[in-house]
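Residue numbers (the working numbering), protein chains in the order written: chain A, 1 to 142; chain B, 1 to 520.
I should point out that these hints are in silico values taken from the structure, not numbers from a laboratory.
Take the hints with a grain of salt, since some may be wrong.
Label-pair distances were calculated between CB atoms; the ranges are [to be verified]:
hint, chain 1, residue 1, chain 2, residue 2, range
1, B, Pro396, A, Ser27, 56 to 62 Å
2, A, Val116, B, Lys462, 31 to 37 Å
3, B, Lys399, A, Asp78, 26 to 32 Å
Pulled a few chain B residues facing chain A out of the computed Cβ check, cut under 7 Å [said to hold, decoys possible]:
hint, residue
4, Ala307
5, Ser311
6, Asn314
Note that this is a predicted model, so its numbers are computed, not measured.
Note that beta-carbon positions come from the ideal geometry of N, C-alpha and C, so glycine has one too.
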Amino acid sequence: MQSKPVTLLIVEDDEIDVMGIQRALNSLKVANPLVVADDGIEALEILRGTNGREKLEQPYVILLDLNMPRMNGVEFLDEIRTDPELKKSIVFILTTSESDSDIMQAYDYNVAGYIVKSDARASFMEAASLLSFYWTIVELPK
Amino acid sequence: MTAPEKQPSSTKSKSRLDSQTDSEFLDLISESTSFGFWKWDIEDNILSVSNSLKRILPSNMEAENLAIEDLWACLHPEELTEIKEDIQRCVQTRVLIDKEIRVKAINGDFYIWMQLKCRVKQNDDGQTRLGGTLIDISEAVDLKRKLQQQKTELRFIFDNVPAKIWYKDASNKILRMNQKAANSMGITVKEGEGADTYKLFPDMAKKYHTDDLRVIKTNEPLRGIVEEFIPLKGKRAWVRTDKFPYTDPISQEKTLLVMSVDITAEKFIQEELEQKRMALQSYSQKLENANKELENFAYVASHDLKAPLRSMDNLAVWIEEDLGSDITPGTAEKLALLRSRVLRLEDMLKDILAFSYAGKNVSSPEYLDVDALLDEVSNWLSPPSTITIHRAPDLPNVKMIKTMMEQIFLNLLSNAIKHNPKKNGTITIEGYAVKDGTEFIVTDNGPGIPERYHEYVFELFKTLRPRDKVAGSGIGLAIIKKMLDSIGGDIWIEVPSSGVGTAFHFLIPEVMLKGNSNAK
Numbered sequence: 001m002q003s004k005p006v007t008l009l010i011v012e013d014d015e016i017d018v019m020g021i022q023r024a025l026n027s028l029k030v031a032n033p034l035v036v037a038d039d040g041i042e043a044l045e046i047l048r049g050t051n052g053r054e055k056l057e058q059p060y061v062i063l064l065d066l067n068m069p070r071m072n073g074v075e076f077l078d079e080i081r082t083d084p085e086l087k088k089s090i091v092f093i094l095t096t097s098e099s100d101s102d103i104m105q106a107y108d109y110n111v112a113g114y115i116v117k118s119d120a121r122a123s124f125m126e127a128a129s130l131l132s133f134y135w136t137i138v139e140l141p142k
Numbered sequence: 001m002t003a004p005e006k007q008p009s010s011t012k013s014k015s016r017l018d019s020q021t022d023s024e025f026l027d028l029i030s031e032s033t034s035f036g037f038w039k040w041d042i043e044d045n046i047l048s049v050s051n052s053l054k055r056i057l058p059s060n061m062e063a064e065n066l067a068i069e070d071l072w073a074c075l076h077p078e079e080l081t082e083i084k085e086d087i088q089r090c091v092q093t094r095v096l097i098d099k100e101i102r103v104k105a106i107n108g109d110f111y112i113w114m115q116l117k118c119r120v121k122q123n124d125d126g127q128t129r130l131g132g133t134l135i136d137i138s139e140a141v142d143l144k145r146k147l148q149q150q151k152t153e154l155r156f157i158f159d160n161v162p163a164k165i166w167y168k169d170a171s172n173k174i175l176r177m178n179q180k181a182a183n184s185m186g187i188t189v190k191e192g193e194g195a196d197t198y199k200l201f202p203d204m205a206k207k208y209h210t211d212d213l214r215v216i217k218t219n220e221p222l223r224g225i226v227e228e229f230i231p232l233k234g235k236r237a238w239v240r241t242d243k244f245p246y247t248d249p250i251s252q253e254k255t256l257l258v259m260s261v262d263i264t265a266e267k268f269i270q271e272e273l274e275q276k277r278m279a280l281q282s283y284s285q286k287l288e289n290a291n292k293e294l295e296n297f298a299y300v301a302s303h304d305l306k307a308p309l310r311s312m313d314n315l316a317v318w319i320e321e322d323l324g325s326d327i328t329p330g331t332a333e334k335l336a337l338l339r340s341r342v343l344r345l346e347d348m349l350k351d352i353l354a355f356s357y358a359g360k361n362v363s364s365p366e367y368l369d370v371d372a373l374l375d376e377v378s379n380w381l382s383p384p385s386t387i388t389i390h391r392a393p394d395l396p397n398v399k400m401i402k403t404m405m406e407q408i409f410l411n412l413l414s415n416a417i418k419h420n421p422k423k424n425g426t427i428t429i430e431g432y433a434v435k436d437g438t439e440f441i442v443t444d445n446g447p448g449i450p451e452r453y454h455e456y457v458f459e460l461f462k463t464l465r466p467r468d469k470v471a472g473s474g475i476g477l478a479i480i481k482k483m484l485d486s487i488g489g490d491i492w493i494e495v496p497s498s499g500v501g502t503a504f505h506f507l508i509p510e511v512m513l514k515g516n517s518n519a520k
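Make a model of the complete structure from these sequences and hints.
Structure below.
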């Protein structure tokens with residue numbers, strides 16, 4: 001068991017999708033802390049504690065959308081995988097894209113899982129339950 | 001120097017031929033050569049002619065005592081006066097007479113051309129004599145005439161071939177040219193022949209000369225030179241020129257023959273054609289871009305528009321959840337309607353994507369067992385018990401893209417089932433080999449489609465019944481039509497011979513277009 005609760009960093013530009021994930025977590029009674037970044041740049045600032053942001057310390061899990069303004073999901077993955085401190089981060093992809101090339105590219109960056117938002121509400125619920133199980137069972141990087 | 005020394009006085013007198021031997025000797029020569037001698041003692045009017053001449057001239061010359069009048073009788077009447085005058089002049093001024101005249105031939109039927117030469121001589125005895133030769137030149141005259149004839153004919157051809165022609169020497173000088181060349185240069189043939197090209201074509205001469213020298217140097221023709229023709233006086237034009245090396249057979253001078261054909265009109269057409277080709281290319285590029293844009297648009301529309309739609313659906317559900325038991329029936333109904341419209345819009349977006357992909361990215365055509373394919377399609381549809389599907393025996397098999405064929409039958413059959421409320425609904429499937437391929441007919445006994453809608457129903461999102469009553473976005477027929485268009489086929493509606501229901505006819509072409517088969 002973790003001594004410190006796992007923080008979920010949601011990197012998603014659609015606030016309704018964020019709301020969907022929050023509602024799903026609420027309905028599952030998951031009370032872990034939540035941090036939301038609108039895009040890759042903001043997420044990096046949170047992870048590195050730059051631009052006046054409070055640095056997010058481990059343990060955390062990142063739920064990443066692919067299509068975002070400024071810095072998209074793949075660019076964000078490229079950034080953290082080359083950052084010695086951030087490269088061990090656990091990342092799940094939650095996106096509408098079903099394209100094979102997106103899926104393969106994401107796994108090239110060693111993501112923990114690729115979830116397609118096919119049916120929105122069900123997908124949020126499934127993603128939320130997966131995450132809540134995941135961090136209770138899996139030992140996360142410290 | 002072993003020869004004995006000549007003895008001047010005695011041998012000299014002996015070596016001289018006496019007049020008798022002289023005459024015989026000359027006769028001997030003239031016999032083999034068609035010429036003869038004659039002399040006229042003017043004072044006595046005695047005419048003597050050599051034997052060789054007697055053989056050529058008419059028989060009156062055979063007589064013993066000939067006078068000059070006998071010669072006159074042999075001459076052509078047209079020339080007689082002139083010859084008499086000439087001889088008169090000859091006697092008076094002692095000039096040499098050299099004339100080509102016509103003399104009556106031996107049988108008197110025709111004249112032969114002879115060269116008359118004569119000269120007056122005063123003998124030691126004071127007698128004035130006129131001595132001369134007559135040479136048969138009929139062959140030479142004949143040749144000369146033929147040559148003249150040929151020359152005229154050649155000039156005629158030379159001037160009338162549809163090309164400008166020049167003979168030029170290595171120094172860019174025009175040796176000869178035809179009328180057409182002269183006309184195009186605004187000068188006469190006479191002015192041009194012997195003239196310097198540098199003077200007549202100041203702008204182009206250097207280029208022409210360079211090509212000339214190449215032809216002369218390599219001794220190889222240069223063909224199809226397309227160049228500008230800019231004469232000093234004539235009209236500018238475009239020409240196609242051939243240049244051939246020519247060595248004068250007598251002088252061995254290296255010259256060249258230049259032939260130019262006016263291609264101004266051709267060039268103009270060619271340029272116009274090129275412009276049209278470029279325009280066409282640009283149009284087709286634009287069309288291709290527009291198609292790509294449209295495809296891209298369809299993709300964006302169906303993918304990116306889906307996200308906000310889903311959000312709307314989510315929000316409707318969350319409102320419902322948040323209200324919980326406080327919700328009024330009216331609110332619940334409106335939320336449900338909101339969600340159903342969101343779903344319909346989502347379906348339509350899916351259809352747009354399906355339509356934009358229709359006929360694209362398909363597999364290769366294969367030989368299909370149409371009966372087996374219809375078995376499969378009927379299985380998927382599982383028609384209700386109120387519908388009977390009749391299949392004509394011996395349906396023709398076709399070479400066709402399998403997924404396309406499945407989708408066509410699936411759509412037509414499901415439409416026929418969906419829109420047929422009758423208790424005894426029937427659907428008939430027939431197929432025939434026709435001129436351009438294979439035609440299939442799917443006929444139902446449903447409500448039928450008024451003729452004014454026969455084309456309308458193939459348009460995107462067109463349906464004849466309210467969407468809330470019958471499911472369907474009106475995309476199926478549009479997709480089928482687009483698919484068939486993409487392979488060069490066709491689909492159309494006819495009223496069945498029974499007058500009841502609808503007959504969908506579609507044509508699978510014998511040879512399928514491949515234009516779109518590998519486009520993405």
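Going down the list of hints, with the structure as the test:
1. Look at proline 396/B against serine 27/A: about 59 Å separates their beta carbons, and that is inside 56 to 62 Å.
2. For valine 116/A paired with lysine 462/B, a C-beta distance near 33 Å keeps the hint of 31 to 37 Å intact.
3. Remark: the range hint 26 to 32 Å for lysine 399/B to aspartate 78/A is contradicted by a beta-carbon distance near 49 Å.
4. The beta carbon of alanine 307/B comes within 6 Å of a beta carbon in chain A, closer than 7 Å, and the hint placing it at the interface holds.
5. For serine 311/B, the interface hint holds, since its Cβ comes within 7 Å of a Cβ in chain A; the closest pair sits about 4 Å apart.
6. Given the 7 Å rule on beta carbons, the hint for asparagine 314/B holds: about 5 Å separates it from the nearest Cβ of chain A.
Going down the numbered hints, you'll see the structure goes against just number 3.
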